[in-house]
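Chemist: Residue numbers (the numbering used here), protein chains in the order written: chain A, 1 to 372; chain B, 1 to 372; chain C, 1 to 322; chain D, 1 to 322.
Derived by calculation from the structure, the hints in this document are not laboratory data.
These numbers were taken from a predicted model, which means no experiment stands behind them.
Heads up, the beta-carbon is just placed ideally off N, CA and C, and yes, glycines get one too.
Incorrect hints may have been included.
Claimed, not checked - Chain B is faced by these chain A residues, among others (derived, beta-carbon under 7 Å): (1) Trp174; (2) Glu175; (3) Gly219.
As the list claims (entries may be wrong) - Mimicking DSBU-like on lysine-lysine, the simulated pairs with C-alpha atoms at most 35 Å apart in a straight line are: (4) D/Lys50 / A/Lys184; (5) B/Lys246 / C/Lys278; (6) B/Lys153 / C/Lys46; (7) B/Lys284 / D/Lys49; (8) D/Lys251 / C/Lys278; (9) A/Lys213 / B/Lys184.
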Amino acid sequence: METITHAAIRQSGRYSRLKIEGLSMELLRGLYRGMVRLRRCEEALMVQYRVADEIRCPVHFTIGQEAVPAALGLLLRKDDFLYSHHRCHGYFLAKDAPMGALFAELFGRTTGANGGLAGSQEISMPSHNFFSGAILSGALSLAAGSAFAFQYKGDDRVALAGFGEAATEEGIFWEALSYASVRKLPLVYICENNLYSMYSAQVNRQPADDLSKRVQAFGVRTFTLFGNDPVAAYEALREAIEYARKGGGPCFLEFYTYRINAHVGPESDDYINYRPADEIEFWKSNDPIALFEERLDHAGLLGRSERELIVAEIDEEIDEAFQFARNSPMPADVDLEALSRSCESPFAERHLPLSSVGDFDETQPVAVLAPY
Amino acid sequence: METITHAAIRQSGRYSRLKIEGLSMELLRGLYRGMVRLRRCEEALMVQYRVADEIRCPVHFTIGQEAVPAALGLLLRKDDFLYSHHRCHGYFLAKDAPMGALFAELFGRTTGANGGLAGSQEISMPSHNFFSGAILSGALSLAAGSAFAFQYKGDDRVALAGFGEAATEEGIFWEALSYASVRKLPLVYICENNLYSMYSAQVNRQPADDLSKRVQAFGVRTFTLFGNDPVAAYEALREAIEYARKGGGPCFLEFYTYRINAHVGPESDDYINYRPADEIEFWKSNDPIALFEERLDHAGLLGRSERELIVAEIDEEIDEAFQFARNSPMPADVDLEALSRSCESPFAERHLPLSSVGDFDETQPVAVLAPY
Amino acid sequence: MRTLTYAQAVNEALAQALELSEDVVVLGQLVDTSGVFGTTKGLVEKFGKKRVQDFPVSENLMTSAGMGAALAGMRPVLVHHRLDFMVYAMDPIVNWLSLWRLKSNGQSRLPVTIRTVVGKGWGQGPQHSKSLHGWFAHLPGVNVAVPATAHDAKGLLLESIFGETPTIILENRSLFSMEEVVPENPYRIPFGQAAIRRRGQHVTVAALGIMVPIALRVAKQLAEESIEVEVLDLRTVSPLDRDTVLKSVAKTKRLVVADPAWRSVSVAAEVIAFVSEKLGRDLASNPTRVCFPDSHTPMSAPLEASFYPDDAAMLSAIRSVL
Amino acid sequence: MRTLTYAQAVNEALAQALELSEDVVVLGQLVDTSGVFGTTKGLVEKFGKKRVQDFPVSENLMTSAGMGAALAGMRPVLVHHRLDFMVYAMDPIVNWLSLWRLKSNGQSRLPVTIRTVVGKGWGQGPQHSKSLHGWFAHLPGVNVAVPATAHDAKGLLLESIFGETPTIILENRSLFSMEEVVPENPYRIPFGQAAIRRRGQHVTVAALGIMVPIALRVAKQLAEESIEVEVLDLRTVSPLDRDTVLKSVAKTKRLVVADPAWRSVSVAAEVIAFVSEKLGRDLASNPTRVCFPDSHTPMSAPLEASFYPDDAAMLSAIRSVL
Ligand SMILES: Cc1ncc(C[n+]2csc(CCOP(=O)(O)OP(=O)(O)O)c2C)c(N)n1
Ligand SMILES: Cc1ncc(C[n+]2csc(CCOP(=O)(O)OP(=O)(O)O)c2C)c(N)n1
Ligand SMILES: [Mg+2]
Ligand SMILES: [Mg+2]
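Input sequences plus hints: build the corresponding full structure.
Modeler: This is the structure we're talking about:
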């Protein structure tokens, strides 16, 4: 696979290499549905965010970055583990976790994926093996640990993490990468390089716009791609996941993409002027859904009416998710201290006898200390 | 410069490429003196370590690794900063810090470089801009900070750190490397790759025996060398330091070498069987001092009697250092709490008036919180 | 008499420090573009990108690099949008900055100021709301401030930047919009001096940070019942102004400690402990504390609201010792 | 009745845990070759390199990888030769492990055991001797043990490995050679139960870790003067067995807390605080504590010796409350 960079993508103009020839209708429909479902979700949440101040937590929307999660959603097994950070809605849905549990979590309700304890940026769904958190770069190191466990147990499960390019600035990323390489862990890293960490451009923070090259030097297989092409994303992810699943070792995929919305919250942050207007325009003109629809139209597949049907179905799901969230109770009377920590040790309780106090001899001499 | 590895060095047999032709007598003498001084120091300390339990702190000797510190000692400016870790005696001496202050520190005396507060593994000598500490990989990140300061102030000073290959396993190394590359800091990293972290071999911990390649991918200039050749070390270090001093940016030198003594303390730890006997033999036969003496003999330079003179001079210095240490008082009545922290703010005291309490209006409304 | 918000006061202190010495530099993620809740607003425009620098998402490096820079004569101010992010920097704080003065036998000076914002409210959740001032107060070798007001935020920050000791300043974001009269010229507030914000003879409330406004409001309310509460604002927890607390409690014989932190092994525990060691038998009632539960912060709004002690909790704590 | 050293007891617990469940794995630098002061000796020979794995010098990764493994059903035991090294792992401890149970709404179980050795003696110096149990006791969501004896080291370790909560066990290396009768079969000691090591009615000494043997020696000495000291070994600081302390102090009315840690904002402060909150006015004398100074550990032998409280310090503290 050729190595590309953000700069190279800009130079080569509007993307024209999306190829849908030979793909099954199921796949095309799946990719389309996944992208639109995520987009509609985010748009609906953005609209509802302020209406009655019901979503009282920081939310990092992901408009423009739908291609990768949509592709991923078609490739994961239920028993694979997926981790992500603050920008997690796409990954949550990709892991087939229910939209209602997502919305209810944002609304802080008991029926939320975490009973309203976590909110958007920290949402998890253990039953679906989906986990996220708002501290960079925990997703990456936790995933390495799960990959370690899968390998240890001889499972053919894969651990994955989806994250932004800034997460690679924390040293723990390089620790995890190095370790995964040494141990050939079944680990897939999915980096959505959207050029920015909040309002800071990648080139101010990293040696170059070629993260994959640095990763490759660690003996890890890398894939570098234009990130708004769902078909290319699908194919690369499939290859990487299979490679890791079969014991080939870790893979790192770098998807060059762009966040259209603000870093956080529903209002635009472009008044800060941290991104050139023509850059924003370029990426708007490379909207992954629009690119895909164009190709579909060109090939005469999945026509407007079929697509409208899909959208209608999604919108109904979204309505239901809002209703579910709004009709769910707020948590009350939670014993936070008990929820924070447990002293249960069920296995020990079952198998080991209690022994309360030994018989310590206070007259014995104190330790002789070794030099180290 | 060609890229070599530990494996390649073993394969090519005893080192035969030490070249002293065309070098000044001053340089040859300096390199020889530096290596032997460090060697005799360590040997003397090892002998004295147990005699009367006067050295009551962990000491990490450095026999076999004299070439790099000796070469470095001829290249540093007083105002350059040098950082290292636990295995620091060579660097201490390279920074021209007095042997007496080193010995007295190990003996825990008030005249030690740190008044006996720090010991061997944490010794510093601020007046000589030498700093070490026993937590990996602090030397590397601190040095990056000093390099930042030099660049900020427009000085032509260089910050250096000397460390073992295991220090690169801490993520902070990659953070520092990346930052130094982005900012083109005047920073020189000197990695003495001796194959082991205590009793653990590099290949169990790192993707490959090619650290420099990984470093290079960060856009940092690298040098990879056989580490027991003081002349090659001198030339590479000179080039790197000049490059950094002139604003070229950071350099990373990887010196393949070997620790002959135990990881810590004066007794051998080879009973643990963590290193193959033939590997130890190979490196003993590549002793940097012996290799150098052979070349000198072959070229008829710095003959036996001249060398004996140098050794005698060194031994006298060592004797004096021991006497200095032993005759110095032990610290007593130190106010540890006061030494740990100061509340002085001399600049503020001189320039800013005191203002004790404002006039807080308790009736004002509490904050309206933004989403983030 | 000019009032500033807390955020503006911090901003002014930074601008004046940058003005006063070329050795001062402000480093942190987005200090140039985000404004860090208004506290770094306009600085890059005034002092340029060299003095006010964005930093990669490498909190660990930033902190030890700050120390390396201080050893080379600078006075860096390191800024974190959340204390939670700064937990990556515990190694340089604990293993390097805090012990360096002792280990160098007093030879090295480390004027490193770490400003960190503590999140509160709007579903900050467990990963965006920690306040570890209790940890830093346990650690020898660092100065630690938790300014409650705009005036103090400015004076303590300037004192720290021009000091010699690594200092951690914790600013709660819910204080940023609160106002106070703040002198225009740069000034200093020494560490280790509590402020007596209200005098009273019936009970001492030793408060910290966001608990100070609550304590003052409740004290005002109780004054209507002729209960005179002495409200101390501890201001710095390292050093801790034990004398002022002891003097006040010796007078009132009753103590409530209000500390915006988890209850166990907190600064509140320390205050009760040292008062009990000195004056325990002289107290008219057992002391008590107002703290967070020993739990991480829940996200959901009603749970979050119940997590943080309010005026009612303060009131009932004070009544319990009367 | 078989005696084992502390190190052997830990070793036996690890071997039995590895035996009891395939989910248990021991990870840490040199756990295969160094023996970690005898505590992992022979394990790799018996269980192989898969179960007992060396780890790169990446403490941060090790800890969060341990959590990722636990989420996938394992029970990792992570080992650090010094607590100081583990400070790199504060982010996973504070931002992930400790808050995960709450944030997952109780759905996730995280049986991660962190064993960490605290250095003492022979010039360990400031960077090799920290004991941060006070920090961990402040942090919600983790269990924290500071076993003082061989028997407890084994039982608490097994309890932790087969528990559900992230646990940090601090072992002081100066205890490793001390012996006690230790049952051969695996057994458990629940967290949150202090041990009453000696009964007495005149004064309560609540001690922790390396202070326990000192307290017992001094108690024995004072018994000759008919002063009967009740010595409590707190054993775990999270949870803390407040009831046992309160019951004892309610009886003796005198309290000394002996905590091997920096004095300020310590577990000792917490014990004095909660006793004062409940029983302050009932005490016959003001409580006191025996701790380290608020200073990092000096290297030089005489300074190091004066840094650690000894029998004389304990004796005078006890006398001061009589
Ligand atoms: C340890 C840590 N430091 C800083 C932050 C603050 N922060 C939140 S999101 C973000 C930007 C992340 O950028 P990237 O990883 O590229 O993801 P993106 O937001 O672009 O999707 C930062 C710096 C954090 N969450 N965690
Ligand atoms: C953060 C940290 N983790 C672990 C250690 C323990 N330790 C001391 S020396 C050492 C080996 C270091 O190996 P290397 O960096 O290659 O240097 P060498 O000893 O080989 O000279 C280790 C792991 C430490 N000092 N600091
Ligand atoms: Mg990004
Ligand atoms: Mg090494």
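Chemist: Now, for every hint given, state plainly whether the structure supports it.
Modeler: Taking the hints in turn, this is what the structure says about them:
no.	hint	in the structure
1	Trp174	holds (4 Å)
2	Glu175	holds (4 Å)
3	Gly219	holds (4 Å)
4	D/Lys50 / A/Lys184	holds (14 Å)
5	B/Lys246 / C/Lys278	violated (61 Å)
6	B/Lys153 / C/Lys46	holds (19 Å)
7	B/Lys284 / D/Lys49	holds (30 Å)
8	D/Lys251 / C/Lys278	holds (22 Å)
9	A/Lys213 / B/Lys184	holds (19 Å)
The structure fails to meet hint 5 from the earlier list, while all remaining hints are met.
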